[in-house]
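There are 4 protein chains.
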Amino acid sequence: MQELIQDGSFVYIFLDGKRNWIRRVKEGEQFHSNKGIIAFDDIIGRPFGLRVQSHSGTVFQIHKPSQNDIQISLGRNTQIVYPKDAATIVNQAGICAGSRVVESGTGSGSLTWIFSRAVGSSGHVYTYEVREDMYLGAKKNLERYADMDRITMHHQDILDGIKEENVDAVVLDLATPWLLVDEVHRVLKPSHFIASYSPTIEQVMKTCKAMGESGNWGMIKTLEVLQREIMVRDNKTRPTTWMVGHTGYMTFARTFSVE
Amino acid sequence: MQELIQDGSFVYIFLDGKRNWIRRVKEGEQFHSNKGIIAFDDIIGRPFGLRVQSHSGTVFQIHKPSQNDIQISLGRNTQIVYPKDAATIVNQAGICAGSRVVESGTGSGSLTWIFSRAVGSSGHVYTYEVREDMYLGAKKNLERYADMDRITMHHQDILDGIKEENVDAVVLDLATPWLLVDEVHRVLKPSHFIASYSPTIEQVMKTCKAMGESGNWGMIKTLEVLQREIMVRDNKTRPTTWMVGHTGYMTFARTFSVE
Amino acid sequence: MQELIQDGSFVYIFLDGKRNWIRRVKEGEQFHSNKGIIAFDDIIGRPFGLRVQSHSGTVFQIHKPSQNDIQISLGRNTQIVYPKDAATIVNQAGICAGSRVVESGTGSGSLTWIFSRAVGSSGHVYTYEVREDMYLGAKKNLERYADMDRITMHHQDILDGIKEENVDAVVLDLATPWLLVDEVHRVLKPSHFIASYSPTIEQVMKTCKAMGESGNWGMIKTLEVLQREIMVRDNKTRPTTWMVGHTGYMTFARTFSVE
Amino acid sequence: MQELIQDGSFVYIFLDGKRNWIRRVKEGEQFHSNKGIIAFDDIIGRPFGLRVQSHSGTVFQIHKPSQNDIQISLGRNTQIVYPKDAATIVNQAGICAGSRVVESGTGSGSLTWIFSRAVGSSGHVYTYEVREDMYLGAKKNLERYADMDRITMHHQDILDGIKEENVDAVVLDLATPWLLVDEVHRVLKPSHFIASYSPTIEQVMKTCKAMGESGNWGMIKTLEVLQREIMVRDNKTRPTTWMVGHTGYMTFARTFSVE
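Residue numbers (this note's numbering), protein chains in the order written: chain X, 995 to 1253; chain E, 995 to 1253; chain Y, 995 to 1253; chain V, 995 to 1253.
Treat each hint with caution, since some may be false.
A pair holds if it fits inside one copy or across any two, identical chains being indistinguishable in the list.
[As the list claims (entries may be wrong)] Cross-link-like lysine to aspartate or glutamate pairs, in silico, DMTMM-like; alpha carbons within 25 Å at most:
| # | residue 1 | residue 2 |
| --- | --- | --- |
| 1 | K1203 | D1162 |
| 2 | K1020 | E1177 |
| 3 | K1200 | D1228 |
| 4 | K1157 | E997 |
For the record, the hints were derived by calculation from the structure and aren't laboratory data.
Pulled out of the complex, with its shape left as it was, chain X reads as follows (with noise of 0.2 Å):
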């Protein structure tokens, strides 16, 4: 009843925290790695959650990729949003099951993933990026791990209008993100969540400003997330040396309807 390894599946291998590599599983082929080479005919028809061995004697994990290793995969060499910060959105906005979610831009896809994972094939992600290149890197990368089903992406400026209605959420981690908060008030459920995603304090200040002048927004809150990895060994616990002490601020509010 357990999975098996196959011709084609993605894999997981992993060393530790910073060597660690998602890798499609190819008869013949083989994984190499500065700790040695797995040959994939060793692992096919095997089940997940192995640990192999290394020609050199080094001990590797191959697990079934979950939807974080791909994120994280998504985002290798540029700017993602991190787990913690993901997490929070879709918990803070009620992104779930069925949700039918706007978000901008797409970058390299790695929210846009979470999201399709969250909503399900009852709900839909509908993602703008402006830029061709981040768009067509995305669109490898979703077509690789996604089901597009879910997904729908526009190459277009989300400053040049939203294309949806009534969505159950709106995400937004833009460098400009005060100028869209009427468009986002426009397309979005009444009592439902913007999110904005922003690095810096003064686009939250904006942001903030937008949303109190237009009237139209209730319970505006904007958070920060510190995540701290503990260290748990046989007499020498404690919480690793260093932390990634800023990401960025997320502001939440919803919507107040207009009669």
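Fit chains E, Y and V to the given chain X structure using the hints.
This is chains E, Y and V only, laid out in the frame that chain X set:
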């Protein structure tokens, strides 16, 4: 196209972070607070996302209850897993539309509620509670808000065994999680996640030790999450003076397969 | 060789983090609390560091007031700079035995007290306060506990000018610190530190901008300090549930010389 | 009246947070870095707080070394107690001008240096180090910067006993602080503070347990301090991406007297 408040609707009545209520609207009845009275007849037939003035002049916001409004409401008077931690568990354990999740203890049902929203109609939550008063209270809570087709409630000590098999995630909020690591391994799909939530570091140490000794768990890690609110006010922007400094530690690990 | 409690001694009476008092011992008098009465005659002639039982059975600790006991006591009913921040200012501004320090505003005198202890009899603290009620209150506070030979109190708006020159450090806890950066530069020794404490980020922005535009300041940096208490209890070790999430930002910079 | 850089002066040469050096100025010699050369003859006779351009065009700041510049410099290549923690220890243990302080281990001497500055010429620091290489290294370090009249260095294991009595504070940075709590109680004035610094929570647990069982310690508390830097830049203000997430826990307690 806006959703209208009806006789029987749940509403979230918001004044500020400490003064807010979920109520069921009934024709001819009123909401009473020390900031004045709102007649439900005055809001029936109008869209969610309202601002209404009580007879004594205070403005209340009337929203459709969000996922987190309900979660927090369910946990009133008991100890709940905070949204920041619930969000981290859903995210790190990869719980999404379609997941089959085992949880214990049910407690107030607040985490069951969050999971039931995340898994959607194609997933399922199996929840265990040994204490009869908690079981009955959670049942009443969940029947009020949740889609019970997605939830199976066991009035049983999970230490006596898990009835389900081949599940996508197991979430423990128990006094002695270390006693369950073998049983959880038995019922969890390979490469899938256990999440264990514990307030004290001694619980975490024992759980990590039990996992390590079993040899069945990979990528064991323990996180804590701090959430900080920023008060964004014109020329007076600053984090809130008080914050929650600790709720619990969350330990995640991934099952190795048995060949 | 132990120091004994005498008629006229100050004592710190401690029950827990919230219930503690500094009192002056007087023959024939008593300390009253809702946890019972302690007769001062019962503790006179005994060493500090006592545990005594009130007539109603509660055990109080009787300590010699520490530097921080007194600092916190001075600030009761007003807004004080917390010990965590006072410590950071002393440390980062290099305030030590022998330093000559200018400070404004005096407020309750609680920071003046800390500085007067740090600089010792070979140093000096010059403190400015514009409000008469604050000036008089601080004077009374400081005369009660501090060595006034080390302290000069100015009942004056520091914006009208600093009387001292060639000082080792200047510490500002003011609404508009940016108005003072040139004046502070004038009186501070080259390569020495200004420390500016502000609750809001807008104050910090304006102060850093004024420093940058003047061209007179090097190594400008802004810190915030979070302090967390860990409750170490047998099998129940965990951080406290609530913590102070924000008090103020501290900006430090170092004077460039003028040739 | 400005202090001038002289032949033999120590200077702190600052480029940024990672590239900075303390050097002794010598006539006819030069400072070399990969950002260019500075001839000491070009700065001798000029005041501290200079900006000078290297031959290759980079601007360096030349400051008089501050207390923390020297502390950090002393600890290069070893594990030091960070300024944030040193500040907390000085503050919470009430170390000030005139204090007599016992410390162990000496390590690099960086904490000894901080204490020697805090206690001034009317106080004294007694420091114990069992390892000869550390003892000799710290001796060399301290003779370079500190006033040795205020410092007594013992090349001795503090577990063999403390030579001083009736001291104002004892600061431990040891692998096994719990073995010393009775000996420290013996030499500390009543109502005065022990401060114990430990990286792991198990060390803290054992130390608090030993204190509790001895019955000799009051007001036992354990703190950790997080320091965050805010980058204040025009329209780009935000905390730094990375921060130190853990250094050590600090346990403080106060001696009960023995009658």
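Hint numbers contradicted by this structure: 2
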